[in-house]
Amino acid sequence: MTINNVRQIYVDHSAGKPVDSRVVDEMLPYFKASYGNPSSFHRFGQEAKQALDNSREDISKLINAEKPETIIFTSGATESNNLAIKGMAIRNRKKGTKIVTSAVEHMSVVNSCKSLVRQGFQTTFSPVDSYGLLDLAKLEENIDEQTKLVSVVYANGEIGTIQPINEISEIVHKKGAYLHVDATAACGQIPVNVKKDGIDLMTISCNDMYGPKGVGALYLKDSLRIDPLLHGGGQERGLRSGTENVSSIIGFGKAAEITRLEMKSESKRLVKIRDSLIQGLIDPVPYTFLNGHPKKRLPDNVSLRFNFIEGESILLSLALSGVFASSGSACAAKTLQPSHVLLAMGLKHEEAHGSLMITLGRQNTQKDADYIKELIPSIIDRLRNMSPLTPKELKK
Amino acid sequence: MYSNKVMDHFTHPRNTGEIIDADGVGTVGNPTCGDLMTMYIKIKDNRIEDIKFKTFGCGAAIATSSMTTELAKGKTIDEAMKISRASVAESLGGLPKVKMHCSNLAADALHAAIEDYKGKLKKNKEEQK
Ligand code: FES
Chain Y
1 MTINNVRQIY
11 VDHSAGKPVD
21 SRVVDEMLPY
31 FKASYGNPSS
41 FHRFGQEAKQ
51 ALDNSREDIS
61 KLINAEKPET
71 IIFTSGATES
81 NNLAIKGMAI
91 RNRKKGTKIV
101 TSAVEHMSVV
111 NSCKSLVRQG
121 FQTTFSPVDS
131 YGLLDLAKLE
141 ENIDEQTKLV
151 SVVYANGEIG
161 TIQPINEISE
171 IVHKKGAYLH
181 VDATAACGQI
191 PVNVKKDGID
201 LMTISCNDMY
211 GPKGVGALYL
221 KDSLRIDPLL
231 HGGGQERGLR
241 SGTENVSSII
251 GFGKAAEITR
261 LEMKSESKRL
271 VKIRDSLIQG
281 LIDPVPYTFL
291 NGHPKKRLPD
301 NVSLRFNFIE
311 GESILLSLAL
321 SGVFASSGSA
331 CAAKTLQPSH
341 VLLAMGLKHE
351 EAHGSLMITL
361 GRQNTQKDAD
371 YIKELIPSII
381 DRLRNMSPLT
391 PKELKK
Chain R
397 MYSNKVMDHF
407 THPRNTGEII
417 DADGVGTVGN
427 PTCGDLMTMY
437 IKIKDNRIED
447 IKFKTFGCGA
457 AIATSSMTTE
467 LAKGKTIDEA
477 MKISRASVAE
487 SLGGLPKVKM
497 HCSNLAADAL
507 HAAIEDYKGK
517 LKKNKEEQK
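Chains Y and R supply the protein sequences, listed in that same order.
Position 3 of the first sequence, counting from 1, maps to 3 under the working numbering, and the rest follow consecutively.
Position 102 of the second sequence, counting from 1, maps to 498 under the working numbering, and the rest follow consecutively.
Any given hint might turn out to be false.
Interface residues of chain R toward chain Y, partial, derived using beta-carbon atoms under 10 angstroms [what the hints assert, rightly or not]:
(1) S399
(2) G430
(3) K450
(4) F452
(5) G453
(6) S480
(7) S483
(8) S487
(9) G489
(10) G490
(11) V494
(12) D504
(13) H507
(14) Y513
These aren't lab readings, by the way, just hints derived from the structure by calculation.
Heads up, the beta-carbon is just placed ideally off N, CA and C, and yes, glycines get one too.
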């Protein structure tokens, strides 16, 4: 796409993705023709109910769940994380009041845990190394008899690092706790298999698979029981009351099906573009570093930091040239705090300041990457020339 | 989110760089987000004859630094001391609310440079006595 002759390259896919047109096509009939309430007895209702169940099946297939009923539809990943953590904690209150999580979680996990602390629970944020990988020895230490739930992100969308879920699962289960995994960014990009990975609860996002926003799911292992957050008519096995968002859930099912069939080739394609971008920016621009693990990394994620400059001014410069990305800098955040994920990896505030996050998507091509590679060095030079922190040898 | 004026000063900042033999230098940090700004001034006959800045910060911080140097150039020291965060933001056609603190930085750095100059002046006089 071009606007005013400037190419428009969207590379902020971890924040939001377009909806696949095949998904839209699948959804449309459920707005005006099949508009029944799945709880209704008549044909309209049963049609909607059948469609919901089909979606449930598509999603359970994607993650290899034991049966479709393990999928509970929610309003998105934030709700799923809230439901998993609070639902488990409150259900198991008598058995233990400690929740262990990691230092690189999404705010919906962080703040769910914090809200439980106000209700008398205890939370420990387990540390990560400089790649953002969980320190497994520390994790094991942190899980005590009081711990009934451990919540870990499969892969953090900001730094791309993929956690060793299998090993984590072994530790968690050995210690007698349950494992919730936030697979928002991972599910759809890398194979996620709840059985093989040993996952008890898992958060899935729909938009992250090119489906609509405002819908998500929680996988809840068949034998597990949790308390609901929403009470009402008892939809979703009583775990999420409220009439289901039928059209979006239909889209979710289609998105999951497409993902299951195309993920492998698409991820392979993205990894190539990703690595060419990473190398093509680190090599020519001195004092540029990769955030996150170089190999154990989501296919879409290019997370870099450029020392001596600030991320919002990088974003602004990029946007003027038609490139739309994001940053973990304090100045780019509503809260004016640097990203807690970058700080957890041991970065200093001023290092987190210079962070730039490029997340690729289906419509991006190698040409887009080449354009970005050409564009960025001059932006960095210009900003560094203005910065009081830039060392003399870099000044031009 | 930014006004055209802000974008203009961000893309074409005026008076960037250092003055090697500056009469006054002021560096301030932004306690809100951790940014940094340095202003250099050259004084002649009690007026700001030349002024330059260096900024490590967001788009608004760069634009406000640039605007501050433009406002200050040619002014007497006393006039320059009156340049405030509000006047800088106003000259830029307004700033988003979350970015108002960045304009503090520019005005503060200018005032710090002037104080530095005054301090040096006083010291010189005392030495001459
Ligand atoms: S300098 Fe940090 S927000 Fe403006």
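A quick look at each hint next to the structure:
1. S399: Check failed: Cβ of S399(R) comes no nearer than 13 angstroms to chain Y, outside 10 angstroms.
2. G430: 5 angstroms, holds
3. K450: 4 angstroms, holds
4. F452: At 5 angstroms from the nearest chain Y Cβ, F452(R) passes the 10 angstroms test, so the hint holds.
5. G453: Cβ of G453(R) sits 5 angstroms from chain Y, so the hint holds.
6. S480: It is violated, given that the least Cβ distance between S480(R) and chain Y is near 21 angstroms, above 10 angstroms.
7. S483: Since chain Y brings no Cβ nearer than about 22 angstroms to S483(R), farther than 10 angstroms, the hint is violated.
8. S487: 19 angstroms, violated
9. G489: Because about 16 angstroms separates G489(R) from the closest Cβ in chain Y, which is outside the 10 angstroms limit, the hint is violated.
10. G490: 17 angstroms, violated
11. V494: 7 angstroms, holds
12. D504: 14 angstroms, violated
13. H507: 17 angstroms, violated
14. Y513: 19 angstroms, violated
Of the numbered hints listed earlier, those contradicted by the structure are 1, 6, 7, 8, 9, 10, 12, 13 and 14.
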